[in-house]
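Residue numbers (our numbering), protein chains in the order written: chain G, 3 to 560; chain L, 96 to 226.
Hints are computed from structural coordinates only; laboratory data are not their basis. Be aware that one or more of the hints could be misleading.
[Stated by the list, open to error] Using C-beta positions, here's what the derived DEER-type ranges look like:
| hint | chain 1 | residue 1 | chain 2 | residue 2 | range |
| --- | --- | --- | --- | --- | --- |
| 1 | L | D194 | G | E495 | 23 to 31 Å |
| 2 | G | R517 | L | E145 | 27 to 35 Å |
| 3 | G | R323 | L | E173 | 33 to 41 Å |
| 4 | L | V215 | G | F472 | 13 to 21 Å |
| 5 | L | R176 | G | L560 | 27 to 35 Å |
| 6 | L | V215 | G | K21 | 36 to 44 Å |
| 7 | L | P197 | G | F295 | 56 to 64 Å |
| 8 | L | V215 | G | K29 | 34 to 42 Å |
| 9 | G | G442 | L | D126 | 52 to 60 Å |
| 10 | L | E173 | G | T488 | 50 to 58 Å |
| 11 | L | R176 | G | K499 | 45 to 53 Å |
Don't be surprised by glycine CBs; every beta carbon is placed ideally from N, CA and C.
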Amino acid sequence: MFDKNKLAELKEKKAAWKKSLEKSLEKRPERKEKFETDSKIPVEPTYTPVELEDFDYLQDLGLPGEYPFTRGVQPNMYRGRFFTMRQYAGFGSAEETNKRFRYLLEQGQTGLSIAFDLPTQIGFDSDHPLARGEVGKVGVAIDSLQDMEDLFTGIPLDKVTTSMTINSPAAVIMAMYLAMAEKQGIPFDKLGGTIQNDILKEYVARGTYIFPPEPSMKLITDIFAYCGEHVPMWNTISISGYHIREAGSTAVQEIAFTLANGIAYVEAAIKAGLDVDGFGPRLSFFFNAHQNFFEEIAKFRAARRVWARIMKERFEAKNPRSQMLRFHTQTAGCSLTAQQPMVNIMRVAFQALSACLGGTQSLHTNSYDEALALPSEHAVSLALRTQQVVAYEIGITDTADPLGGSYFIEKLTDQIEEQVMNYINRIDEIGGAAKAIEQGFMQKEIQQSAYEYQKEVEEDKRTVIGVNKFVTEYEEPTGLLRVDPTVTERQVEKLEKKRQERDGKKVAEALKELRSVAQTNENLMPVILEAVKAYATVGEICGVLREVYGEFQQQVLL
Amino acid sequence: MSEKIIRVLVAKIGLDGHDRGAKVIAQALKDAGMEVIYTGLRQTPESIVETAIQEDVQVIGMSILSGAHMQLLPPVTEYLRNQGAGDILVVSGGVIPKDDIPFLKEAGIAEVFTPGTSTVDIIKFIKDNVS
């Protein structure tokens, strides 16, 4: 890339410069002994072509929209269309969440993202004993198709794209979405959106697993196959590093473990007889935008490059769309403080900026009050406005990958790629992601990083404004969102009514059919679709599958 | 004279899968010389009380970020009292709005540690208050 003679000259100059710098440090020492990123990559006082001696533009970057997609997945990036502004939302009943969805759309949000409550995510109906206290708390309660219909009242499914954070019961919720589209008269090939459908990271970091790995992976590849045939614009999985990062991993671990999980899904799908260029283009990803600004930007770029190479070289994917890593980003929930909560607005803005400079396809910006409660309407609209400012006002969306070619960013991108590959190779040696998770490898690495992070904060090695520095009195935010405590009662009543109204015989038959197909290797999506159309509930369908597949038992690691 | 080693049960109550905090606290208590038993996810008030009595702990620390604290935490202290184990020190932490804390304390939760609390403060609280 660089002229050899000029590089040699620069090397000499830089050596001399370094000497004089070291001398001046005797008089003016630096703020701290070590400068490093969150992943412990050392940060130098400056970066020049010397640090990028082996840099090869065409091989390492390529042009935007071209392999290895380091500079982004579209040739002109946000000049065509901004990233989708997609706030994760859901609480209480379907009706209450529908109101929040409409509010967000009115405020200029461009896509929907459903947060489901924990009973739904773990396959329990709202009247299950283990649902006690949890109905409608962290998301919307969905028991039957009726709830999904109420959730989307007045929202035509061909006019929005919807992301659904649902994993173990993904097939059930996907089927409900399809049944709803049928009722709205919208053909499946007009539907756009994403289903999270990523069980591996549930075992590692997020905890809403139901079934053991093997049947879980089968449900996932069933969705790949079914959607590949019938819902071609749907993203059939969102392979998620977000929760791995929230659980305490570093940036490098976030990418490494996510891509290792991605490899496991690709292998499972190929094993199930699917063509890599059939399902490959519908794989999508989900990452965290954390505090260390430049490392985050480099992380997104490195992730795209590593995945492109994996898909092309390891899995021999030919279709460029299979090689493209498309991703959603959410700002880092764990970086928000309960102290001086308005400061969170600034944190979120910088994180959002890093996601956009990193080339995200869609974005959720957190609300400033989220260390205290679910976001209030006021807080969420400010969060949405923050990404609108990033998109519309500050000019960073006018050219693709504006930081490409920065010596520092390129060096960091290379270093992250290298460290990610080291982890992926280690996981391959263990026998793949599923084995690594079974042995607790990923969990232990994350736990260690989380503990170190906490110690750094407590030993003042890491500054958190309002927590260990500039600690002052502050005003508690007012108007925090409180989920209406009557939601459980209302939801259980609605569920009981639906159980009365529906054709019980049809439900029983559908569940019987489900049980028998679940014992074979056939795709489960068609029978689940029939069951949800008969208004069989999430709990009933998952209950049958629990009986056939058994339940995952968490290995307690400390 | 050697101090008696404090035994603590760290528990995740409810369906919430956010266990970063629970694990960090468990590790910190261990490093502070306590004996720590970690339950893993999805514990009920009943299962926590049962484990606490079986393991003969002096302290229960419960982590909850799902917003179900008002429903799930008070039964723990109630069952403990019913089982004659009301002397076990019960603390909790997580995403818990300030306004909810008086109710929880009234129900017998000795302290509620909200985001940003230092593990040093938690360790001190336990050492000062364990009977």
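Next on the checklist: I'd like to know which numbered hints this structure contradicts. Please list them from smallest to largest.
Outcome noted: 3, 7, 9, 10 and 11
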